[in-house]
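> Sequence:
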Amino acid sequence: MRISAALLLLFLLLFPRARAAAVPAAVTRGEFVVLLWESAGAVPGVAAQGFSDVLRDDACSTAVGWAAERRLVLGTGGGRFEPDRPITREEAAVLLRRWAALQGRDTFLPDGVAECNDYTDVSPWADDSLYWAADTGLLAWSPGGRLDPSGTLTPKEAADVLYRFQYDQP
Numbered sequence: 001m002r003i004s005a006a007l008l009l010l011f012l013l014l015f016p017r018a019r020a021a022a023v024p025a026a027v028t029r030g031e032f033v034v035l036l037w038e039s040a041g042a043v044p045g046v047a048a049q050g051f052s053d054v055l056r057d058d059a060c061s062t063a064v065g066w067a068a069e070r071r072l073v074l075g076t077g078g079g080r081f082e083p084d085r086p087i088t089r090e091e092a093a094v095l096l097r098r099w100a101a102l103q104g105r106d107t108f109l110p111d112g113v114a115e116c117n118d119y120t121d122v123s124p125w126a127d128d129s130l131y132w133a134a135d136t137g138l139l140a141w142s143p144g145g146r147l148d149p150s151g152t153l154t155p156k157e158a159a160d161v162l163y164r165f166q167y168d169q170p
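So for the sequence shown, the working numbering puts the first residue at 1; every next one is plus one.
By construction, these hints were calculated from the structure, which means they are not laboratory data.
Cβ coordinates follow ideal geometry from the N, Cα and C atoms, glycine included.
Incorrect hints may have been included.
Here are the simulated distance ranges between beta carbons [as the list claims (entries may be wrong)]:
hint, residue 1, residue 2, range
1, K156, A59, 15 to 21 Å
2, A101, G41, 14 to 20 Å
3, S150, G104, 19 to 25 Å
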């Protein structure tokens with residue numbers, strides 16, 4: 001099974017608002033975690049606990065619980081996860097780098113990695129992960145040497161990133 005097609009199909013089935021939008025919708029934090037959880041084999045787990053804004057019956061609850069157990073997601077502060085807020089490119093990079101490290105993959109960031117033209121916009125907690133994701137080819141550079149750290153991912157971009165993570169990374 002090709003993971004990118006399967007993930008995109010799953011995403012479109014679970015989140016029909018993305019299918020109906022005239023302009024590609026941004027993937028939310030909850031949706032991205034569901035996609036990552038599915039790419040990991042939809043490991044059975046417990047519903048999210050510790051996040052006041054993720055209810056047991058939410059579509060992303062088990063996936064968020066799985067990710068929180070592995071410390072892939074830490075929340076946004078104040079006991080919240082904000083599952084309905086679009087995920088930023090830097091948040092996706094941090095989540096993927098943590099998952100790569102848990103899998104024993106190389107997450108080393110070599111000296112001399114080029115900085116982006118919008119480096120002042122990169123959050124300090126995300127800079128190494130964002131540069132790692134760009135250096136490994138997971139996240140594409142925008143025109144003009146920009147990484148667009150606060151930009152969001154469309155469903156297609158999210159599926160492509162997860163496909164590259166699953167199949168193109170050592």
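> If a hint holds in the structure, say so; if it does not, say that too.
Status of the hints after comparison with the structure:
no.: 1; hint: K156 with A59: 15 to 21 Å; verdict: holds (20 Å)
no.: 2; hint: A101 with G41: 14 to 20 Å; verdict: holds (18 Å)
no.: 3; hint: S150 with G104: 19 to 25 Å; verdict: violated (30 Å)
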